[in-house]
Amino acid sequence: MSTVGSTVMPCPKCTSVTPPSTVTAATWTVALVGNPNAGKTSVFNALTGQEQHVGNWPGKTVAYQEGLWPGPGFAVRVVDLPGTYSLAALSPEERLARDALLTMPFDAVLNVVDASHLGRHLYLTAEVLELGLPTFVVLNMWDVARREGIRLDVAQLEALLGVPVVPTVARDPRGTALLQERLGQWLRQGPQPGRAPRYPARIEQAAAEVQALLHDALPDLPPARLRGLALKMLEGQTDLLAVLLPPEQAAALTAQVQARVAAYRREWDEDPALLVADARYGWVQGVLRATVTARGPARFALSQAVDRVVTHRWLGLPLFFLVMLFVFHLVVNVADPFITWTEGLFQGPIRHALLWLLHQVHAPYGVRALLVDGVLAGVGSMMTFLPGLTLLYLFLAWLEDSGYMARVAFVMDRAMRVFGLHGKAFLPLLLGLGCNVPAVYATRTLERHRDRLVTALVIPFVSCSARLPVYLIFGLAFFGAATVWVVWGLYLLGLVVALASAWVLQRVLLPAEAPTPFVLELPPYHWPNGRVIGRQVRRRVWAFVTQAGTVIVGISMLLWLLMNLPWGVRDPADSYFGRVSQALAPALEPLGFGRWEAAGALVTGMIAKEVVVSTMGQIYLGERQTDAAALGPPTAADWQADLHHLGPGLWATLRAAARQLLGRDAPAFVGATAASDGRLAAALRQNFSPAAALAFVVFVLLYVPCMATLAAQYHEFGLRWAALGLVYQIGVAWGLAWVTYHIAQGVGL
Amino acid sequence: MTMSPVSSSSPPLTRLGDLPPGRWAEIVRVQGPPQWRRRLYALGFVPGARVYVEHTAPLGDPVQYRVHDTWLALRRRTARQIWVRPLAATPSSPAEGGP
Numbered sequence: 001m002s003t004v005g006s007t008v009m010p011c012p013k014c015t016s017v018t019p020p021s022t023v024t025a026a027t028w029t030v031a032l033v034g035n036p037n038a039g040k041t042s043v044f045n046a047l048t049g050q051e052q053h054v055g056n057w058p059g060k061t062v063a064y065q066e067g068l069w070p071g072p073g074f075a076v077r078v079v080d081l082p083g084t085y086s087l088a089a090l091s092p093e094e095r096l097a098r099d100a101l102l103t104m105p106f107d108a109v110l111n112v113v114d115a116s117h118l119g120r121h122l123y124l125t126a127e128v129l130e131l132g133l134p135t136f137v138v139l140n141m142w143d144v145a146r147r148e149g150i151r152l153d154v155a156q157l158e159a160l161l162g163v164p165v166v167p168t169v170a171r172d173p174r175g176t177a178l179l180q181e182r183l184g185q186w187l188r189q190g191p192q193p194g195r196a197p198r199y200p201a202r203i204e205q206a207a208a209e210v211q212a213l214l215h216d217a218l219p220d221l222p223p224a225r226l227r228g229l230a231l232k233m234l235e236g237q238t239d240l241l242a243v244l245l246p247p248e249q250a251a252a253l254t255a256q257v258q259a260r261v262a263a264y265r266r267e268w269d270e271d272p273a274l275l276v277a278d279a280r281y282g283w284v285q286g287v288l289r290a291t292v293t294a295r296g297p298a299r300f301a302l303s304q305a306v307d308r309v310v311t312h313r314w315l316g317l318p319l320f321f322l323v324m325l326f327v328f329h330l331v332v333n334v335a336d337p338f339i340t341w342t343e344g345l346f347q348g349p350i351r352h353a354l355l356w357l358l359h360q361v362h363a364p365y366g367v368r369a370l371l372v373d374g375v376l377a378g379v380g381s382m383m384t385f386l387p388g389l390t391l392l393y394l395f396l397a398w399l400e401d402s403g404y405m406a407r408v409a410f411v412m413d414r415a416m417r418v419f420g421l422h423g424k425a426f427l428p429l430l431l432g433l434g435c436n437v438p439a440v441y442a443t444r445t446l447e448r449h450r451d452r453l454v455t456a457l458v459i460p461f462v463s464c465s466a467r468l469p470v471y472l473i474f475g476l477a478f479f480g481a482a483t484v485w486v487v488w489g490l491y492l493l494g495l496v497v498a499l500a501s502a503w504v505l506q507r508v509l510l511p512a513e514a515p516t517p518f519v520l521e522l523p524p525y526h527w528p529n530g531r532v533i534g535r536q537v538r539r540r541v542w543a544f545v546t547q548a549g550t551v552i553v554g555i556s557m558l559l560w561l562l563m564n565l566p567w568g569v570r571d572p573a574d575s576y577f578g579r580v581s582q583a584l585a586p587a588l589e590p591l592g593f594g595r596w597e598a599a600g601a602l603v604t605g606m607i608a609k610e611v612v613v614s615t616m617g618q619i620y621l622g623e624r625q626t627d628a629a630a631l632g633p634p635t636a637a638d639w640q641a642d643l644h645h646l647g648p649g650l651w652a653t654l655r656a657a658a659r660q661l662l663g664r665d666a667p668a669f670v671g672a673t674a675a676s677d678g679r680l681a682a683a684l685r686q687n688f689s690p691a692a693a694l695a696f697v698v699f700v701l702l703y704v705p706c707m708a709t710l711a712a713q714y715h716e717f718g719l720r721w722a723a724l725g726l727v728y729q730i731g732v733a734w735g736l737a738w739v740t741y742h743i744a745q746g747v748g749l
Numbered sequence: 001m002t003m004s005p006v007s008s009s010s011p012p013l014t015r016l017g018d019l020p021p022g023r024w025a026e027i028v029r030v031q032g033p034p035q036w037r038r039r040l041y042a043l044g045f046v047p048g049a050r051v052y053v054e055h056t057a058p059l060g061d062p063v064q065y066r067v068h069d070t071w072l073a074l075r076r077r078t079a080r081q082i083w084v085r086p087l088a089a090t091p092s093s094p095a096e097g098g099p
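Chains as they are written, first to last, in this note's numbering: chain A, 1 to 749; chain B, 1 to 99.
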């Protein structure tokens, strides 16, 4: 249970807006900062346990987490800021971390550092101390540092930084007791700022002069904070003052300060940004010389040995593709038996239980139909994504936590960068071949928001396995043996459009960003922690159910209503759905399939692409999915079948999944291939010309993937981007279907 | 800041991106637009820091470096903006590598 809504700005001691909860309202608010691989998440989990939730900063797209640490006699709200190497504000994440530290009324900063990489991690500590914020240093990964032979004089480190420094092993449940005790003690005593690092004379002098310029505009800030701001201005952070002052005042003062900084640059014949960074590293080296008493040899040995193999010139790529194939296999094939079982669960036991209940309360037909065919079917289709997603999250968390994910990017970056994509974009695109929904979530492994967005927006063009039945039905109806080439051509076209779209988005559509050098940290490998992974998987799956799931259920209910209104409609052409389809049909005329049946199939195809086929079956062959009898109370035979599903059915599912895992069965997406229905093929041949059929499958490949993918995009990037993506996809689909139709006609199809 | 990469002392300067794997070097200067340089500075590619070239990705790019005790991969184009002075082969970690 958390004390504030996810979109409410964190504020200290805001007991007035907190709903009554089992723990006392937050006594203090602390910010959690640290490098991306410092183990910040482990510390966050260790402190807050279950009491956490994900939110977005107001007006920002960068997600943050916050949680409540219920200490003895107090409660601390912990706000987890994005992992950053510095507060240089060169990426949205860094800017957010910096702005939050400058503007939010945090009571203290919890700085997590990796004890085995202090040479890098203390740089951020220097920046935090510069800002004059009460700071508490969590010396994490203490066990790793010990094992690597590093001996530290912690008391001396505390003295030099002027803040508490607590050795911690956050991944181990026993490793945080001391942290909790010391942190609670420190907070109760009233946290104090530490000792801001002192730098070489000319930097101090320049900082003092800039500080004097800032003083009049920001009289309320303590001198230590003003000095910290001055150092940031010397570094060239020209957007800094806009965070603290009204726009005009900020612009005027920034110009004034910049003139000073330019003067220093001329005077020193050196970039002040370099001198400040150099001074910080100098300070870090000084601290290390005074506190590190011993260090072991050959610290990189194990990781180096692994890297020699996995990024080897000849072995690297084949090994990498094996790992990727395994992920794909896991998410698509091994998940498949569970997906079928979940489908059965909702069509069998749950549906019957609901029908029985509705029968008991004498619910009228309309209510039964709405709840069973509308709501329950929607929930069921959402739940079928869970097996694949859970397996994906599990494996992704494992890959990320072990350090291999960074190597994926390292190996693939050269190929991906041709299209303006990051090396880490490879995995999501590959997963898209299985299902676009987990692929969109897999973009979370990318650090920059821009890279995440571009990758997620082009994933829908990658042909997922649900589109294959449509290609096959049309292919076999029109092209016979050439179907295999049609299918390959479609997969290739999807990939080409995805990569080309990424290029267009990066170079043309998105505003140009200041060039940032590609820097990828390759953390040493370590064996992932099961608890950490389990918690992450649970949280991500739950987020999917609550956020994307509600959208999926909503849209499928809406579609159901459209198909059944006005109430009692018999012919689908007369329903609202039919009328909408008729209204849409003229727009498809130039593509060769401007009929309401085709438009209707495409509309229902938004639920899931394979539905395109079943809708065409319903429309052309008059098959109805449900009739009144199907909504009656369940029979004894039904219950028996349900019992079988829950018992032996589940066992069979586990066995099937195990067989898939071991590769004993044919891949699921081949098995799922719908057999060509002779009657439907004949109906299609009557209603489509071969050129129109080809244009239709191209359209199916490229238009809206499915509402679940849209929901995932909405969940990750907000309504605006999901809507823009939708428009873009339909535009591209229309354009390329038009081109296909005319080329196909030109060659005489 | 002068643009001439050659300093009076030997050995001659070279670009980090051109240095083969297995070599140590000391950073002399970082080129490029201000924002670009600030990013590299913040990550420890500051003049005076020592860099070890670990190895190259299978497709020839990016390249893995060790600096301030961390492994960071840079694209070759980025690494070519960094001027370094190659150091004589050092058995393991040089004195200023940090713990």
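One thing to keep in mind: the hints can contain errors.
Said to hold, decoys possible - Residues from chain A that face chain B, not an exhaustive set, calculated with beta carbons under 10 Å:
1. Glu93
2. Glu235
3. Gln237
4. Ala277
5. Arg280
6. Tyr281
7. Val284
8. Ala305
9. Leu315
10. Phe518
11. Leu520
12. Glu521
13. His526
14. Pro528
15. Asn529
16. Asp571
Unchecked claim - What the simulated footprint calls covered on chain A by chain B, stretch by stretch (three residues with Cβ under 8 Å from a Cβ of chain B suffice, anywhere in the stretch; the number is not a length):
17. 118–131
18. 582–594
No lab work stands behind these hints, which were simulated from the structure alone.
For each residue, glycine too, the CB sits at the ideal point set by N, CA and C.
Results for each hint:
{"no.": "1", "hint": "Glu93", "in the structure": "violated, 13 Å"}
{"no.": "2", "hint": "Glu235", "in the structure": "holds, 6 Å"}
{"no.": "3", "hint": "Gln237", "in the structure": "holds, 9 Å"}
{"no.": "4", "hint": "Ala277", "in the structure": "holds, 4 Å"}
{"no.": "5", "hint": "Arg280", "in the structure": "holds, 9 Å"}
{"no.": "6", "hint": "Tyr281", "in the structure": "holds, 6 Å"}
{"no.": "7", "hint": "Val284", "in the structure": "holds, 7 Å"}
{"no.": "8", "hint": "Ala305", "in the structure": "violated, 12 Å"}
{"no.": "9", "hint": "Leu315", "in the structure": "holds, 8 Å"}
{"no.": "10", "hint": "Phe518", "in the structure": "holds, 5 Å"}
{"no.": "11", "hint": "Leu520", "in the structure": "holds, 4 Å"}
{"no.": "12", "hint": "Glu521", "in the structure": "holds, 6 Å"}
{"no.": "13", "hint": "His526", "in the structure": "violated, 13 Å"}
{"no.": "14", "hint": "Pro528", "in the structure": "violated, 19 Å"}
{"no.": "15", "hint": "Asn529", "in the structure": "violated, 21 Å"}
{"no.": "16", "hint": "Asp571", "in the structure": "violated, 58 Å"}
{"no.": "17", "hint": "118–131", "in the structure": "holds (count 4)"}
{"no.": "18", "hint": "582–594", "in the structure": "violated (count 0)"}
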